[in-house]
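Chains as they are written, first to last, in the working numbering: chain A, 18 to 368; chain B, 18 to 368.
By construction, these hints were calculated from the structure, which means they are not laboratory data. Be careful, since some hints might not be right.
Which copy is meant is left open, because identical chains are indistinguishable; a pair holds if it fits in one copy or across any two.
To be verified - The list that follows gives simulated cross-link-like pairs (lysine to any residue, SDA-like), each with its CA atoms no further than 25 Å apart: (1) K44 to R171; (2) K44 to P204; (3) K281 to D132; (4) K281 to R299; (5) K44 to L179; (6) K330 to Q353; (7) K67 to A351; (8) K281 to R131; (9) K322 to Q291; (10) K281 to R50; (11) K67 to G124; (12) K330 to R299; (13) K330 to R290; (14) K281 to G294; (15) K44 to S174; (16) K44 to G244; (17) K44 to A211; (18) K44 to A175; (19) K44 to V209; (20) K281 to E139; (21) K281 to Q51.
As the structure is a computational prediction, the values presented were derived from the model and not from experiment.
There are 2 protein chains.
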Amino acid sequence: MTTLNDTVGVADVIRHLSLYFEEKEAKATAYGRQFTELWHAARHASEGGKKFRPALVLTAYRAWGGNDEAAAVAVATAFELLHTAFLLHDDVIDGDTVRRGRPNLVGTFMEQARDRGVGGTEAAVWGNASAILAGDLLIHSAQAMVARLTVGARERSALLDLLEECLFVTAAGEHADVAFSTSVESPVFSEVMAMTQWKTAHYSFQAPLQAGAILAGAGQEAVAALGEFGRSIGIAFQLRDDLLGIFGTGQTGKSTLSDLQGGKLTPLMFYARQLSGSDELRETVGRADVTDADRDRVRQLLEAKGARRFVEKLIDDHRHAALAAIGTPAVPEAFQRHLHDIAHQSCERAA
Amino acid sequence: MTTLNDTVGVADVIRHLSLYFEEKEAKATAYGRQFTELWHAARHASEGGKKFRPALVLTAYRAWGGNDEAAAVAVATAFELLHTAFLLHDDVIDGDTVRRGRPNLVGTFMEQARDRGVGGTEAAVWGNASAILAGDLLIHSAQAMVARLTVGARERSALLDLLEECLFVTAAGEHADVAFSTSVESPVFSEVMAMTQWKTAHYSFQAPLQAGAILAGAGQEAVAALGEFGRSIGIAFQLRDDLLGIFGTGQTGKSTLSDLQGGKLTPLMFYARQLSGSDELRETVGRADVTDADRDRVRQLLEAKGARRFVEKLIDDHRHAALAAIGTPAVPEAFQRHLHDIAHQSCERAA
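If we strip away everything but chain A, and leave its shape as in the complex, we get (with noise of 0.2 Å):
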């Protein structure tokens, strides 16, 4: 089974992004030590993961037979400049310093001012705002790099269009998770549901999909299907990430007890709570001081209650919803495979 790690062109992505940051942190010497700190750590931002949102525009555009490999190398470098731009303002909302165990942006300014006696306050306003412009200067290139592309007028149309709706829907996801967890929203379950598609299935899966089709001139109707495809596995993704959040083994690098410090509200908590004897749940969620122990006393709710096995349901239930949507002749069928191994590694993944 092909994996998207294995996307043909992904290190070619990896490069673009490393001579667009090298371009910029030589710029940015003109205008002082700690602009040019501060490309470096959005550099830093950049790197790792698992770059499939490019690899997913990479592979829509060579099974519709893209032959321009600079425009899709360039557009596949947007969704992951446009991703990490996400998680430089996603911690600064969360007040979160740390990402995979070391410091995330914000962290690492706000460690380099008390390294200077700076007092913790001040030192806050740094770092949050180093990361509130840092993902300002990529959400601006992320479009440079789509609005530069010698490509016919439709298809930049079409892609700008695209890359407009990816902001817009983005921000209602991540506008509604805050209103949902700062309690300025009680959300009904479709409403969770449709926060997690806006926030991560539409520019994780959707357009990246949908933006290397378009590129390669695929028509509305393959478009279409690209889309409802993205949009379910995207869901059934996120759902899985939730449920690695609370049940994963550690091998995803993120700790087991963050999503329950963060508090959250996933679908699966949100289902989970709203069943009865759920108050120990309540009372464990979003508490600073959440042990192993505590874990492992929600992991047993969540079985018991039979949150987890609704969640699994759910995954399934969007998987299929996702296949049917590729199930049309407007996808080529050698391509319908490769998006059975991407649905495939969506939801089974134990990382």
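Using the hints, position chain B against chain A.
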């Protein structure tokens, strides 16, 4: 003397802005009440103000005989969106919840959360998240308006370069500003001046004038001259703004205490602080409880130490440099006269 506010087409920009926000608000309804509210608040944030950046785009465009009114209005509107985005993110970074005496976007969403019984910390998260996301959306849309223009490939490319430079330089200026105000960096005078140019002059004067001229097909020499003019006059404008922030008569609609309370490191204050006997100044600036009497004492100090005179001289010097830059046949004579008017307004204004 013609004023910028009289510029033909500014009303079209206001209409274009209004249509843009109407479309977004209508689309947002599918994403719930809060996201619709976010767009409504973003529109509100873009209203009022002098709209002088769009006016600069339009007036330069006309000077070089541009006749694609729709394209000029789109570029002019893009600069106003960018300006609004910068203000929104600025407010988050500075922790400001009020602008022109009324709650800004952060403050509006914070109040809304508190009205719903949400605690202070969470309400602040909600307010800041809302402003970060609104700014992200406007940064994207500003560029989308330019990227979608049906103009020649050369003009599009030059405009995209200009916009990317604009984001880059403004972010550098904002980053430096925060570095200085948090004491992460201890600048020398020339660095405070550079920060002023990067943060304000570039996107407020230099880039809008150049964008209008480029769109109309002006030559390199003209574009370079406008850049020089915009840079110098933009610095003069900001220095005047700094003086009005302390010595203003309230006509600006801005309190003459807020700059003092915020402890902003302007060239004015930086110069004054370096002089002997400025201990009282250091103690007063940045205090939250600054009174009218404190401000009066600061005014006396700035006068007595010659700081005000020093900045007035700087304004004059930059004004002369600006006018010298446009004394070239590459700039039409009638437009040179108009730029003299603009220089006068920027340097002499009392509000």
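Hints and how they fare:
no.: 1; hint: K44 to R171; verdict: between (33 Å within a copy, 23 Å between copies)
no.: 2; hint: K44 to P204; verdict: between (46 Å within a copy, 20 Å between copies)
no.: 3; hint: K281 to D132; verdict: between (32 Å within a copy, 23 Å between copies)
no.: 4; hint: K281 to R299; verdict: within (12 Å within a copy, 44 Å between copies)
no.: 5; hint: K44 to L179; verdict: between (30 Å within a copy, 15 Å between copies)
no.: 6; hint: K330 to Q353; verdict: within (23 Å within a copy, 71 Å between copies)
no.: 7; hint: K67 to A351; verdict: within (23 Å within a copy, 58 Å between copies)
no.: 8; hint: K281 to R131; verdict: between (29 Å within a copy, 21 Å between copies)
no.: 9; hint: K322 to Q291; verdict: within (10 Å within a copy, 68 Å between copies)
no.: 10; hint: K281 to R50; verdict: between (37 Å within a copy, 21 Å between copies)
no.: 11; hint: K67 to G124; verdict: within (22 Å within a copy, 38 Å between copies)
no.: 12; hint: K330 to R299; verdict: within (23 Å within a copy, 64 Å between copies)
no.: 13; hint: K330 to R290; verdict: within (18 Å within a copy, 67 Å between copies)
no.: 14; hint: K281 to G294; verdict: within (20 Å within a copy, 54 Å between copies)
no.: 15; hint: K44 to S174; verdict: between (30 Å within a copy, 19 Å between copies)
no.: 16; hint: K44 to G244; verdict: between (38 Å within a copy, 19 Å between copies)
no.: 17; hint: K44 to A211; verdict: between (41 Å within a copy, 16 Å between copies)
no.: 18; hint: K44 to A175; verdict: between (32 Å within a copy, 18 Å between copies)
no.: 19; hint: K44 to V209; verdict: between (43 Å within a copy, 20 Å between copies)
no.: 20; hint: K281 to E139; verdict: between (28 Å within a copy, 14 Å between copies)
no.: 21; hint: K281 to Q51; verdict: between (33 Å within a copy, 19 Å between copies)
Violated hints: none; the structure is consistent with every hint.
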